[in-house]
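Engineer: One-letter residues, chain by chain:
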Amino acid sequence: MEVTYLTAINQALHEEMRRDENVFVMGEDVAELGGAFKVTEGLLQAFGGDRVIDTPIAETVIVGAAIGAAIMGMRPVVEMQFGDFISCAFDQIVNTAATLRYRHGGRAACPLVVRAPSGAGIHGALFHSQNPEAWFTRVPGLKVVAPATAYDAKGLLKSAIRDDNPIIYFEHKRLYRSIKENLPDGDFTVPIGVAENRHPGRDLSIITYGGTLHQCLDATQIVEKEDGLSVEVIDLRSLLPLDRDAILATARKTGKVLIVHEDRLTGGFGGEIAAIIGEHAFDSLDGPVRRLAALDTHTAFSPPLEEYILPNTNKIVEAIRSLAAY
Amino acid sequence: MATEVIMPQMGESVVEGTVTKWLVKEGDMVKEDQSLCEISTDKVDTEIPSPSAGVIAKLVAAEGQTLPIGAVIAVIEAPGAAAAAESRAPALAAAVRQSERRPSAALAEAAPARPAPRMPAAAPSSPAIAAAAVSSEPIAAAPAASVSNVTPIRPASIPAAASGAGRRYSPVVLRMAEEQHIDLSMVPATGLGGRISKRDVERYLESLRPGNQSAARANGSAGHASAAAAGAVQPPSPAGAAGASAPAPAVAPATAAIFRPPVYQPREGDTVEPFNRRRKLIAEHMVFSKTHSPHVPTVAEVDLTRVTALREQHKRDFAAREGFALTLLPFAVMAAVRALKEFPRMNASVVGDSLVVRREINLGVAMDAEEGLLVPVIRAAETMSLTGLAREIERLRHKVQDKAITADDLAGGSFTLSNPGREGNLYGFAIINQPQVGILRMGEVKKRPVVVEVDGADAIAIRTMMYLALSYDHRVIDGVLGNRFLYRASRILEESDFEL
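Heads up: the protein sequence lines correspond to chains A and B, in order.
Taking the working numbering, the leading residue of the first sequence gets 1, the next gets one more, and so forth.
Taking the working numbering, the leading residue of the second sequence gets 1, the next gets one more, and so forth.
A portion of the hints provided could be inaccurate.
What the hints assert, rightly or not - Here are some, though not all, of the chain A residues that point toward chain B, as calculated from beta-carbon distances under 10 Å:
1) Gln11
2) Thr254
3) Leu285
4) Asp286
Stated by the list, open to error - Heads up, incomplete: computed chain B residues facing chain A, CB under 10 Å, no partners named:
5) Arg167
6) Pro171
7) Leu174
8) Arg175
9) Ser185
10) Met186
11) Gly191
12) Leu192
13) Gly193
14) Ser197
These are calculated hints, taken from the structure and not from any lab test.
C-beta: ideal position from N, C-alpha, C; glycine also.
Construct the complete structure from the given sequences, taking the supplied hints into account.
Structural biologist: Below, the structure is given as structure tokens:
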């Protein structure tokens, strides 16, 4: 059966809660309302109020309470209603969850999943459009994933719930109902830290993750048809740990790399990827490593301005053409 | 007050010059406009006049050293300021000595007078410059030349050819050049701003692969057999086409580049003449032309009896009127120009993957010169009368003789005529002057018995004959066109319908 990205997440939650009674869900409006986006719909009816808990509007409390539960052996999955507000819980995530294992000689686990609906392109303006992944990708002790397909959304969430480390799970809001695919029956997981080659190519590589994957694939089709260019598209899927081998393999193969993400350019994760390539694949480069990202400003509410600020298929096509011509 | 003498701009496309000889020494008093040194560039040789009067405080450039346009080659102190210059001189001298020590031992041995390798501005091997390519920012302009950075930074691992052309290459292109022993100046560039891309190198390697041609023939590939029927020259297969059926040895994709002549063993009495700048450029140009353009040699027999009679008839008046002798050359030039007008595709250039047909006929005429052949260009030759062509040839010949030829005199040719002349040259085939597509070469003019038709009957007559040879680029000129053009040029000469 074809399921949306949103349904895939919902299925993963149902299946994991059935599989392991230590798994429980917490967040703002996740129980009675079924979540602001209906991601947690049906969980309250299926598992009851002890395992599907509405909380006050206080992200630091949500994450703090979840960390305590995780230390005691539970497997909390908490929702930040919008990923933008994860900054309220920043201290709990960065100073508490991420350091637990280090503070206790490796003996304390913190099996926590923080679901962060993120991303722009839905006219959500400044507080409902952010891509905060780069604040966490430099924190040892965390894992950061950003699925771009329904299959990965389900498989990575299951892997995250079963992992003994705190995981930030970025789910892209624009993908919730815009993509659909057939998922296999039965239980499956997607390994954390492994990238996926979505479209093998020869002339140039795009490295991306999350919401921009689909724009990159569309752009790849366009340049293949109109310019005869063969473009490889790597979907990172996990940002921490990072699949450096996949990054270096594609850079060495094509010699030209375009990095695309929806987060802002400066300090965005693309800089890290570019640095890895520059350091370890320098003698395979046939052109500058290029980045295409949101402009260094806040996402505007006005649709034309939002379009102007964010990467899109046309901008990716242009970037491919200019790098291919280099 | 010190004045810096810089390497001047000597033509649009000139990027550097070599100081061949200093005419002054340090401490000399010089007047404004006094010649300071002789320089040679890839286009012209000239002298640099002093920009001001004063004392030569420092000769920055050594004889034989090649520097980019704008680089400081000497420092002149105003009279009276010489003492101040003294204190600066040692540091400058040290910098120069440092730069002189760098050329590799092999180069120094083979050619002691060889110019030092080029400026870092042109060298892609500097990690700082190359690393700039990683950011998405536009690559900063190369640092301006100064005395201190004359020292070229060139790790031993990078082939000389890679950094020699004054271009910058991406890291992967440099690495491939090193691994495959490629002279990057031979690789046609399709990248932005004339850059050589990785694909360009791959295509070039593919074109060199010997397996492509011979193996395809051995397999009797139908596609190749029919293509071969059109001409003697087999085009290199596009990437991957023949590769599958004819796996080439992986070890030596660039067989031609791997050959090394035997090491020279000096013998008493031998003299070593290092290539001068012009000779070096001629050599590079000739090798480039031969490896890039499949030359088809074609030769026509031309009866010059009428033209020589016309010349005899007018030569006295002409010399009296014009002050120089009327030779056969303007007639041949005129015949070439008229034939080019009829076949404009011969008046063309190869630019990348395109043939550019030129509107103006800018006819290059090869002329002998002391340091090597020069090909000055007669501009808009299609607008000139025979006398006009003769005058222009004479004017250019004088400039060549007086070493007054400029880079602009030599630029922009669209076709070339060569006339090595004199005895012993029955005929020969010239090498195409790139990026043109053809070159005519005149053979020896000689009386011969030939069969002619007189009133319907064959007879043997003594005629003034010449072989006119055409080399054309078979990438862009097919046999039919080449032959028709040559035939027309020879007929025009034979018919001798010229006005004097």
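Engineer: Of the hints given before, which are not true for this structure?
Structural biologist: 1, 5, 9, 10
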